[in-house]
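Input sequences plus hints: build the corresponding full structure.
2 protein chains.
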Amino acid sequence: MKAEIITIGDEILIGQIVDTNAAYIAQRLNAVGFVVNERSSVGDRAEQIVRSIEQSLERSDVVITTGGLGPTKDDITKTTLARMFGGGMRCDKRVEEHVRTMLAARNIEFNELNRSQALVPESCEVLFNAHGTAPGMWFEREGKVVISLPGVPFEMRHLMEDEVLPRLKSRFSLRQIVHRTMITAGIAESMLAARIAEWEDALPEYLHLAYLPSPNIVRLRLSAYEVDGESVEREIEEQFRMLEKLISENVVGYENATMQEQVHRLLVESGKTLAVAESCTGGSIAAKFTAMAGASAYLLCGVVAYANEAKRDILGVDASLIEKYGAVSEQVARAMAEGARRISGADFAVATTGIAGPTGGSAEKPVGTVWFAVASERGTEAMMRISDTDRGQIIDRATAYAIEFLRNHIKAQN
Amino acid sequence: MKAEIITIGDEILIGQIVDTNAAYIAQRLNAVGFVVNERSSVGDRAEQIVRSIEQSLERSDVVITTGGLGPTKDDITKTTLARMFGGGMRCDKRVEEHVRTMLAARNIEFNELNRSQALVPESCEVLFNAHGTAPGMWFEREGKVVISLPGVPFEMRHLMEDEVLPRLKSRFSLRQIVHRTMITAGIAESMLAARIAEWEDALPEYLHLAYLPSPNIVRLRLSAYEVDGESVEREIEEQFRMLEKLISENVVGYENATMQEQVHRLLVESGKTLAVAESCTGGSIAAKFTAMAGASAYLLCGVVAYANEAKRDILGVDASLIEKYGAVSEQVARAMAEGARRISGADFAVATTGIAGPTGGSAEKPVGTVWFAVASERGTEAMMRISDTDRGQIIDRATAYAIEFLRNHIKAQN
Chain A
1089 MKAEIITIGD EILIGQIVDT NAAYIAQRLN AVGFVVNERS SVGDRAEQIV RSIEQSLERS
1149 DVVITTGGLG PTKDDITKTT LARMFGGGMR CDKRVEEHVR TMLAARNIEF NELNRSQALV
1209 PESCEVLFNA HGTAPGMWFE REGKVVISLP GVPFEMRHLM EDEVLPRLKS RFSLRQIVHR
1269 TMITAGIAES MLAARIAEWE DALPEYLHLA YLPSPNIVRL RLSAYEVDGE SVEREIEEQF
1329 RMLEKLISEN VVGYENATMQ EQVHRLLVES GKTLAVAESC TGGSIAAKFT AMAGASAYLL
1389 CGVVAYANEA KRDILGVDAS LIEKYGAVSE QVARAMAEGA RRISGADFAV ATTGIAGPTG
1449 GSAEKPVGTV WFAVASERGT EAMMRISDTD RGQIIDRATA YAIEFLRNHI KAQN
Chain B
1089 MKAEIITIGD EILIGQIVDT NAAYIAQRLN AVGFVVNERS SVGDRAEQIV RSIEQSLERS
1149 DVVITTGGLG PTKDDITKTT LARMFGGGMR CDKRVEEHVR TMLAARNIEF NELNRSQALV
1209 PESCEVLFNA HGTAPGMWFE REGKVVISLP GVPFEMRHLM EDEVLPRLKS RFSLRQIVHR
1269 TMITAGIAES MLAARIAEWE DALPEYLHLA YLPSPNIVRL RLSAYEVDGE SVEREIEEQF
1329 RMLEKLISEN VVGYENATMQ EQVHRLLVES GKTLAVAESC TGGSIAAKFT AMAGASAYLL
1389 CGVVAYANEA KRDILGVDAS LIEKYGAVSE QVARAMAEGA RRISGADFAV ATTGIAGPTG
1449 GSAEKPVGTV WFAVASERGT EAMMRISDTD RGQIIDRATA YAIEFLRNHI KAQN
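Chain order of the listed sequences is A and B.
Positions in the first sequence are counted from 1; adding 1088 to them yields our numbering.
Positions in the second sequence are counted from 1; adding 1088 to them yields our numbering.
In case anyone wonders, no lab produced these hints; they're calculated from the structure.
Please note that a few of the clues may not be correct.
No copy is singled out in the list; a pair is fine if it fits within one copy or between any two copies.
Straight-line C-alpha distance at most 30 Å; calculated DSS-like pairs for lysine-lysine [claimed, not checked]:
hint, residue 1, residue 2
1, Lys-1161, Lys-1090
2, Lys-1360, Lys-1412
3, Lys-1232, Lys-1333
4, Lys-1257, Lys-1232
5, Lys-1453, Lys-1360
6, Lys-1333, Lys-1161
7, Lys-1257, Lys-1360
8, Lys-1090, Lys-1257
9, Lys-1412, Lys-1090
10, Lys-1181, Lys-1161
11, Lys-1181, Lys-1232
Keep in mind it's a predicted model, so treat the numbers as computed, not measured.
Listed below in structure tokens is the structure:
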């Protein structure tokens, strides 16, 4: 079965927001067996919305739209769909009651605009939105389905899980879609492709290989669309096992498991603890770990030692080291990691110190220079990387490198 | 002039990545005067790419595609465009030299796949990619332009700035597009709309108002598309000044200025300094500040005091407070902020302590309970918020609330 996603809103077309809804919906549709044919984004204009839905319906069985369901004048998705599918509007008592209750809890008065949120097209089935004031809608025409969801990501996600996916699964007979991703590191995309060319050429026709390069990492995804039987997953596992033999030193893991998820698992399983000392990454490393449920099992503390005084007073970095070698130096990175480990009693500590720019660089230490250190009972390791990019990228890459460095250090001890 | 954006790649359609390229390109096109008509994403399939580009060309003057330019077999954008625009392929010597130099610097051997990256359609003008191995391409047909850029965000951005935008500006006669955004806080979208209804109805026809709600914040955007003369910006300023009188207590700023950008500016202008003490937000607050160039002027340190021992040993929180009131309490939040200020000597300190979940909640302190404190020479303030959502949202909202709380505290002293 084929599906398409249409996100509605001028804010998407002018680039005021990044469209995360489409990726989420695509992922979930794939998981239940829909091939997503195409995605598009249109403005808050009726003729565009209608044309885009009609085109998608020609190609696909299900169309999911998000956005344009707010109570204000710029939101026109509901009235547009009502006209498209015919019939009048009716007041949905359950929605009205829910909106009243939600607003009362927030001390907001119920007004005409809120009342309009309970008005729904007679042609749709209401998808109850427990987490917001705009209901979702389910329309059918000639065996095809159009679903309209609010654009607020949190509300959309709950509606997808609680209302949309269960209905789609019972409404359509779906075949499986399987995606598996292997993560490789330390080998360039072109070298990797050359090394695995024979393996790639011998893949069964129904398996599609994709290369997904990012700094220092190339992910290899094998996809099978709308296949039958359990043998597909086994076949993919077998193919990856053959591949592992070809590039064993470069395989770092499977699926979208991020580097921090790997560290998380290693630490949780071993019962070891972690401390983080960050200068140029400024809290990003700690935030990557604390974003994961259960991080409190191992993360003892993080120190964002931005000023030299913080490096000295909190982490106990010897001021003479900073003076002699500079704050961005192997010596200071090592002292930061060791200091974080000392003050927290953690088993492992990781530290960064670098020049994120745009200013502060020199000929000897250009913007993008970052020193990393990892300390544990086995001693302290340090490394340096230079990223020739902009501030955001330098911080992102340094965060990724630091977590990979930490992971390798932990793994070497297992 | 109208433009469309097509992002190419199965990884977008299966939701393996979030498409940030489209938002960036849309923003930059708007800035130089292109109305972005529609955005779409298609898979790595020739017939889809061709159909999608042809449809876009019917509606628009310029089509920008990203993705599908890598050296591996799954990337087919270049050969597809070559067939679409006719003619053969040629080797671009400058690109080949550049690829050789880039790979040599990274100790990667130059192979057949890399050589293929220097092959370009004879029908295109090459857009030199100084930051990667895949060149951009510029095609023309009947006065319309198709531009193909690599999908790697960093390379795409540099090509947009250095090659694409300058050419578009000289190739087309463009009129201005103006977007201005006012940020309001503390008033629900429906109440806001009711309060400003008269003002909204009296807006000149060429100004479009959009409501952009997010937790605790509603942004109001006025847009004017393809207008002439300098009076438009003045008219928008004037409209916003009238609006300010209607909702003066709710206006918190303009443009996409985030709360952290406002704090950044307040601190840089006043020469005051900041320390951050985070428990449940886990480094996110510090990371928001350090993401901005120049944060080192005021950010002295951050402490991610996840474990109780870290709160005690690094921030000097009295262990008896934690025992008596619990780690998630007004008393501990206050002590964390005061401790961060004390150990760093910062003028301001902000602290969070809460239960991000999914476990750790109780009847008295459910998951989502977060205490905030801000300390300065004027004393310490605290507040509590409960977010009834999931871990990611709880951390995001707590980060936003903390920065807003800090901003209000700083502003009250100005």
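| For which of the previously enumerated hints does the structure constitute a violation, in increasing order of number? | Result: hints 3, 7 and 9 break, sorted rising.
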